[in-house]
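Going down the list, the protein sequences come from chains A and B.
The numbering of the first sequence is the numbering used here, which starts it at 1 and goes up by one.
The numbering of the second sequence is the numbering used here, which starts it at 1 and goes up by one.
Hints listed in this document are in silico derivations from the structure and should not be mistaken for laboratory results.
All residues carry an ideal CB built from backbone N, CA and C; glycine is no exception.
Check before you lean on any hint, since a few could be wrong.
Distance condition first, Cα-Cα at most 20 Å in a straight line; then the derived SDA-like pairs of lysine to any residue [unchecked claim]: (1) 160/B with 667/B; (2) 80/A with 694/B; (3) 193/A with 767/B; (4) 640/B with 60/A; (5) 161/B with 734/B.
What the simulated footprint calls covered on chain B by chain A, stretch by stretch (three residues with Cβ under 8 Å from a Cβ of chain A suffice, anywhere in the stretch; the number is not a length) [to be verified]: (6) 938 to 949; (7) 962 to 969.
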Amino acid sequence: MQKNVRFVKTVFLNTTLVMYKHINAVANYKSKTSMKRINLKVLIGCSALLLTGQACTDLSETTYDVLPTSGTFGSTAAQKAALIGPLYNGLGNYFDQFNVINTTTDEQIVPTRGGDWGDGGNWQRLYQHTWGPVTDNGNFNSWWSWCYNNITAINQQLGTVTDPALKAELRTLRAFFHYQAMDLFGNVIISDKLGGTSPAQSTRAQVYAFVEKELLEAYPNLSDKVGGEFYGRMNKPAADMMLAKLYLNAQVYTGTPQWAKVIERTDNITKSGKFSLNGDFFANFSLQNQASPEIILATPFSSTKRGGMNIQMRTLHYANQLTYNLGSSPWNGYATVTEFYNSFEDKDVRKKMWIVGQQFAADGKALVADGASVIFTPEIPSFVMPAGPAGALPGARSQKYEIQRNNSFNDMDNDFVIYRLGDVYLMRAEANLRLGNAGAAVTDVNLLRTRAAMPAYTAATLTLNEMLAERGRELAWEYHRRQDLIRFGQYTKAWRFKTASAETRTIFPIPNDQIVLNPNLKQNPGY
Amino acid sequence: MAYKRFTKLIQSFYYKLMMNNFSKVGQTIGGAGQVEPVQRSLSAQTFLRSVLTMLTMVLLLGNQVYAQGRTVTGRVTDNAGGGLPGVSIQIKGTQRGTNSDVEGRYSLTDVPANATLVYSFIGYVSQEIAVGNRSTVDIKMSDDTKALEEVVVVGYGTSKKKDLTGAVTQVTAKEFNPGINPNPLQAIQGKVAGLVITTSSGDPNSNPTVRLRGYTSLAGGSEPLYVVDGMIGVPISQINPNDIETIDVLKDASAAAIYGSRAANGVIIVSTKRGKAGQTVVTFNNYVGVETISRKLDLLDGPGYQAAVTKIEGASAVSGSRFPKDASGNFYNTDWIDQVTRTAVTNNHNLAISGGSTTFSYRGSLDYIKQDGIVKNTGFNRIVGRVNLDQKALDNRLSVQYNLQYTQTDQKFADNGIVRRAAQFLPTLPVRFTEGANLANNIGNYAEIPGAFDLFNPIAGLENATNNGIRNTAIIGANLKYEIIDGLTLGVNGQLQSDNTNNNYSSSPNNKYYAANNGRSERRQYNSQNRLAEVTLNYLGTISSKTNFSLLGGYSFQQFDNDGFGAANNQFVTNDLGFNNLGLGAGTLLNPSNTYATSYRNRANLISFFGRGILNLNDRYNVTATVRRDGSSKFGANNKWGVFPSIAAGWNISEESFFPKSNVVNFLKLRVGYGQTGNSEGINAYNSVQLYGQKGTYFDGALGDFLPGYGITQNANPDLKWEVLGQTNIGLDFQMFGNRFSGSIEYYNKLTNDVLYNINVPADGVKYFTNTILANIGSISNKGVELSFGGDIVQKADFNWNARIIGSYNANKVVSLSNDQFNIGQVRFNPFGGRGLSDVFASVLVVGRPLGEFNNVPTFTGQYNAAGVPLLKSATGDKSVTEYKDTDAAAGFATGNTPIAQGNPQPFFNLSLSNSFRYKNFDMNFLLRGVFGNTILNNTRANYLIPGSILQTNMLRGVTDFPNNYAVNVLSTNYLESGTFVRLNNWQIGYNVGVKPNKYFSSARIYVGGNNLFVLTGYKGVDPELQAAGDLGGNPGGGQVAAPAAGGVQTGYFAPGQAPNPIGLDNAGAGFYPKTRSFQLGVNLTF
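With the rest of the complex left out, here is chain A (with noise of 0.2 Å):
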């Protein structure tokens, strides 16, 4: 590269000698003798050849505000540290993703309200499961990316990491990923290291086999600490987490159930000692909510250092910009189905997550708009509403998560949670009730109904049925329930604004453009 600059300086150089001497030559041009025109010729004819004879033809490249992968970046423990991190932020995507897959379900609907959220029918199809593999391509294929970027780029990380606990960790972190994949999209891909061929696709039951190897084998090595370094990281609650999800479904990704394995690793994290349910249940989804003592595994976010949390701009009404007096107008969109809601009894302190009726500003004034009190209202007429107050006001909002007042930005402080202790019950009274050890069920249930300042189950009424409808009032809008309704064996029924759907829509096509692109990829039956 000095030979690029030292080449346009020489050029520069000797076109400025070149004039000099012309000046020179055209003040003593009286005196014409031929000498001095030699010289002049013999100077330009040097003058080429110096050209010519530097003339680089060197096209290597010299960076300066990008680091090549062919570079040292990465030997340092500092830089290593900084391409491990973010394998992390991918995680805080988690929150991102499924929002968008909630609405595939009983508990989140996004209704078109006059000439909004019409978005070309896209929710309307993801609610009624009428999507295509074309049309939605953008969807699936946003999914379907997120879970193997991630992959790839541990992957990419995993072949130089020598720590046995970090490798450890990062195995976990790769499995909760596939983990993902398999349960969204069934015969998925395996991959475990990088290069080679076009990865093939394997079957959902051998990526749930690739997965519960990977959780075991990391597990040993994996930390046991909780909270502080490990927030948001994987360790051994979270691996066990995840086991006991993988095992929860196990029947639905096999055909072999396995229950019992989802008591074991429950009862691990229950026996650790390291978590407890939380006296106040909204305290779990605060502005603050890293402090809980539920939490098991969440993605930390921040409204200016790692944005993304804005469930708030989705869910409220415009005019509740002046209820929390946010800088921008929230977007009216995601609402609950009002047979959801009416699942939740009066008493019932999870019930507060819900928004209704009339809106007031931050003074205490009744919100009006478009002419209308602002009144949410549970139920919702139709799918597809027409504009003004009688479409832009029906539905249960949520404020499960604390909405940030005086926020002057669309994202939130709020960690979301991905796994809490009030799951890990739930699932271990799931897996006894279908055992039919009804009592220990019923314990580990009426733990949530009392903090819920709900009446307790007895073995008599804690059915299955109200088992899911429990899951529902304890994780609405966390994200679990498209999976419980399949377990349950709900996902593809009729529910409001939506007919019974075949049974192949329990798992979403492989994405149109993945397909393209690898001809490994056989589409999933039904698309």
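Given the structure of chain A, go ahead and fit chain B onto it with the hints provided.
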């Protein structure tokens, strides 16, 4: 007598306008606010005035030096006997001379007895006449070989028009479009067949879109290469049109291939004016222009809005915060478009001095233009200084050209959202409430509807943000040629271009418009350095008087450096300091973010070897062959070097003995050429290598805070290379009726292969680590015919009418979207935007069809259902449906079904007709420009005709014609319209003031003129001339992503850099800047 009175009248009017303008500036100074920019413009004007004064003094002195002696007078006429003005008459061997006046008359004093006079004029054969002892010399200038002997610039050299083998069109300064045209491109709009220049905006800071012979690329870059006086890659907007002598457009591959990997979009060579031997010429041009909005959206006014709301929502809806009353109980009525726009004034002063001797000549010019935008708070002013020096020495064997230019542009950028906000905001609201109960709805001193989505007082937007920039461009070049032996010339060309931009932004958060912005202030600096060094050897051999050849060989090295940085902050306690003291914001302390400071730097080298051979045989046959080998550091490791060859031949049929000698066709020439050119502007430095870059932030639990993370941000593509454009060109040039008419017809067939695109790939860890890769894939074809024909329709002594018609037809087709490695997938075009309309596209790229063709638009049946939903024709059967399902168009494409061709946004034909008339001292010219056969998707109309949403935004006047409950905006054929139009692009009427050449003036001309006087079109929107980019927008930098304004969540298929810019989409919803109509009054003075 009448003429004189007329002249005086116009002069006095003109000066009044000038004076008004000056005094206006003075008044503003006396007032408060905006001190700095006004002072700058004042000082510039003062400066120009003092220069003028000095100049006049110099001229007066200069004229007194003239000696006394014999006087020769005479008249220069053209073939038809008409007086020929502007002919240079020089006493041979001296530097003394004069120019003929408007009637062709001239007078020369102190002419020696044995003198020879040299008469010269561009386009005419120069003549030398020995005066003898005559005192009157009348001569007739011959234009026999007019167009043919003209020289055009072909890159690293020139060629006589008659020897040309490629498709090259030259536009000279006198053919430029008059008008308010600070950008040279506007001056040649409609002048070159096949060069389509589209101005879709009235924003003075926007650049026209230029496409030569169709859409050839997606991500490869689509702008032509601009070469100015040997400097390659000049930002054309930084060149002053008044400095330009000629613009040569190299259209086909055989002409452009000498520029290799950058020439596929055509090459536009600009040559600036240079000093000529002879008398010192001083020109001063000045105009004052006014611009107004050419056409407004036909929006409801206050009473109209109330009436529409009453009809749609009932009388009871006319209440509440949308319908406040003033203290006297009256409703408000505000025209928001009027509130945010104005009649804008433009002022241009241009002063140039040129002259020199046979060995040294110079031209210096200074140009100042201040153009206000019709949207308040927008506009630009620019000063361009240029000095061109030419020195010849050593028996004329050595010649050196120096070109020095410096441009400073002060820009006030538009927030394109403002006009959209003005269209949406309710006409029943005032700008501010001053009293009463309404005061509660004053947010930050502006009337608002608190909590209403997407409704913002546009004046708040206008008054609470500053967005400006200063751009400085210096271009310094020296071009040396030395004839070593007869015929062999060594050339050395050294150029440096430095382009620096400083942009500033600041907004105040205490109003609804910018509440989400936190009072953000930014400063951003962008620098680029472009260095060029070239050596050429050229040999010119003459075999006989009719046969010659030339050989050119060269080496070129060019280096591009880009760097810049930006800093931002927010949460300022005061808004007084804005971007001038970023450290005072609390944002960096309270809400740290890694986007507060940014910087970048990159470099690319381009190394080239090139050669050209030309053979002109017996005045009949011409052969040109060129080759260029380009190597660029940007290209992938496996494809560092590319070779771009071309060959072309010309046959001068009219020289053949068998060709009938007649006056009907007196010249006929056939040209055929083929060549390959490259397109690589879409590749940025480092695009071919795998990179680590910033990958968001991650949470460090031990630290309890977020840290920046690194990760792979770009896939490697060692095969990355230029796009290859193969082009065949067949041209026919002809002259008729004794050269009175001339014309040419061109046919071309272009095929772009290895089209660049940002392809989706799986991050499989095998080859790919992120989701996209810039790769060469697919082909696009363009075939077309161009026509240019014109000449003097009337040739009389005192009346001349010259007209020229220029037309172009182009057929564009996507030939392939895949290669053995990749398939481009589904590329969706032309987003139909609006509330709740994310993810709706009107076009999908389909192999075998034109780029951007509308093919995904459901057919409207004309019916609405009871719920007010428009009924669409289903894809299968005749059943009406409310919604397009998966079974429809999109699925059709995937299964290879033939798509529905619903209209091509690319015009079938572009046509322009230019006319110029001269009657005695009057001249007039106008240019009609038309676009035919294109289809437009009128998204704007769709967005403003929704009765169900009338309370949410203002609507167009026709909103009540739709069912009251029609509320959901639906893409349908209802909004496809013909985009055919004819526009009076520009017109001018001038008068040459009958001044006898005297010691003050040699000529003076005053004129009135304007742009865009009328548009003939059936299009229902504001203007059918729309953005026509069609390429891929660059990655939006800066990391600031706006919230989706449409009330939807972005779920589009493509990451930034993949969605093509629309063609033929009228979407005011995305923000727009209205087009303008302008009027001009100006004067050209030559001293």
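Results of checking the hints against the structure:
For the hint pairing residue 160/B with residue 667/B, the CA-to-CA distance comes to about 15 Å; that is within 20 Å, so the pair holds. A hinted pair counts as satisfied when its Cα atoms are at most 20 Å apart, and residue 80/A with residue 694/B qualifies at roughly 14 Å. Distance hint between residue 193/A and residue 767/B is fulfilled; the C-alpha atoms sit about 12 Å from each other, no more than 20 Å. For the proposed pair residue 640/B and residue 60/A, the alpha carbon gap of about 9 Å is at most 20 Å, so the pair holds.
Distance hint between residue 161/B and residue 734/B is fulfilled; the C-alpha atoms sit about 12 Å from each other, no more than 20 Å. Coverage of the stretch 938 to 949 of chain B by chain A holds. Counting CB-CB distances below 8 Å, 3 residues qualify, and the rule asks for three or more. Counting residues of the stretch 962 to 969 of chain B whose beta-carbon sits less than 8 Å from any beta-carbon of chain A gives 4, enough to reach three: the coverage restraint holds.
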